[in-house]
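Below, each chain spelled out in residue letters.
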Amino acid sequence: TQLLEQSPQFLSIQEGENLTVYCNSSSVFSSLQWYRQEPGEGPVLLVTVVTGGEVKKLKRLTFQFGDARKDSSLHITAAQPGDTGLYLCAGAGDSNYQLIWGAGTKLIIKP
Amino acid sequence: DTAVSQTPKYLVTQMGNDKSIKCEQNLGHDTMYWYKQDSKKFLKIMFSYNNKELIINETVPNRFSPKSPDKAHLNLHINSLELGDSAVYFCASSPVGVWETQYFGPGTRLLVL
Numbered sequence: 001t002q003l004l005e006q007s008p009q010f011l012s013i014q015e016g017e018n019l020t021v022y023c024n025s026s027s028v029f030s031s032l033q034w035y036r037q038e039p040g041e042g043p044v045l046l047v048t049v050v051t052g053g054e055v056k057k058l059k060r061l062t063f064q065f066g067d068a069r070k071d072s073s074l075h076i077t078a079a080q081p082g083d084t085g086l087y088l089c090a091g092a093g094d095s096n097y098q099l100i101w102g103a104g105t106k107l108i109i110k111p
Numbered sequence: 001d002t003a004v005s006q007t008p009k010y011l012v013t014q015m016g017n018d019k020s021i022k023c024e025q026n027l028g029h030d031t032m033y034w035y036k037q038d039s040k041k042f043l044k045i046m047f048s049y050n051n052k053e054l055i056i057n058e059t060v061p062n063r064f065s066p067k068s069p070d071k072a073h074l075n076l077h078i079n080s081l082e083l084g085d086s087a088v089y090f091c092a093s094s095p096v097g098v099w100e101t102q103y104f105g106p107g108t109r110l111l112v113l
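Protein chains in written order, with our numbering: chain A, 1 to 111; chain B, 1 to 113.
Do not take every clue at face value.
[Claimed, not checked] To give a feel for the contact side, a few chain B residues facing chain A, derived at Cβ under 8 Å: (1) K41; (2) L43; (3) M46; (4) S48; (5) A87; (6) F90; (7) T101; (8) P106.
In short, the hints are calculated from the structure, not lab data. Virtual Cβ for every residue (Gly too), placed ideally from N, Cα, C.
Please model the complete structure; the sequences and the hints are all you need to start from.
And the structure:
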């Protein structure tokens, strides 16, 4: 069974600080997606990483896929209150029709 | 135009009742999904449909019956509702498979009393 462990589960920091969220597995994924979910809405895709070692940037957000394609990280620089939300990682593994989801990281950025 | 829409947004009902949630996508996608998100925010796949055919059925009680009348619609009918069914149910779609972006609906908040 493929699993994705996401950490931390909860993070509350001050505006302007940096943070990193991790998504780890013992399984290899063909690609890994990061979503953000705001209260009362469905998850929205932020980025997909496909190649081992790949780094993608989305403004202050930096996403990295591990060399072995078993883990990924999301780093936010100078966090802002607008970054508040639930961040979810999801891996495409053995099945074409089922993503493996992490448990999510609830992020709160205090002004 | 909303890409993936779900109705109703809120559903409050008594234990033992039967209810349905409807989902429609206007993106022309081949694959649709139903997810359950519990109070701890864990997103769990329930069903995946590709071109109206059931592909994934993840250990869901048979009180839950999905139906896909066409590629753009995937409805969820729940019989004999139980307290533990209370959750947010999300419909999603993707062009073909999970390696592509999944587009989620706004969710249906189900509360069973």
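Here is how each hint holds up against the structure:
1. K41: holds (5 Å)
2. L43: This hint holds: L43/B lies near chain A, its Cβ roughly 5 Å from the closest one there, short of 8 Å.
3. M46: violated (10 Å)
4. S48: Holds. Min distance 4 Å.
5. A87: Status violated, d = 14 Å.
6. F90: holds (5 Å)
7. T101: At 5 Å from the nearest chain A Cβ, T101/B passes the 8 Å test, so the hint holds.
8. P106: holds (6 Å)
Against the hints set out earlier in the document, violations occur for numbers 3 and 5.
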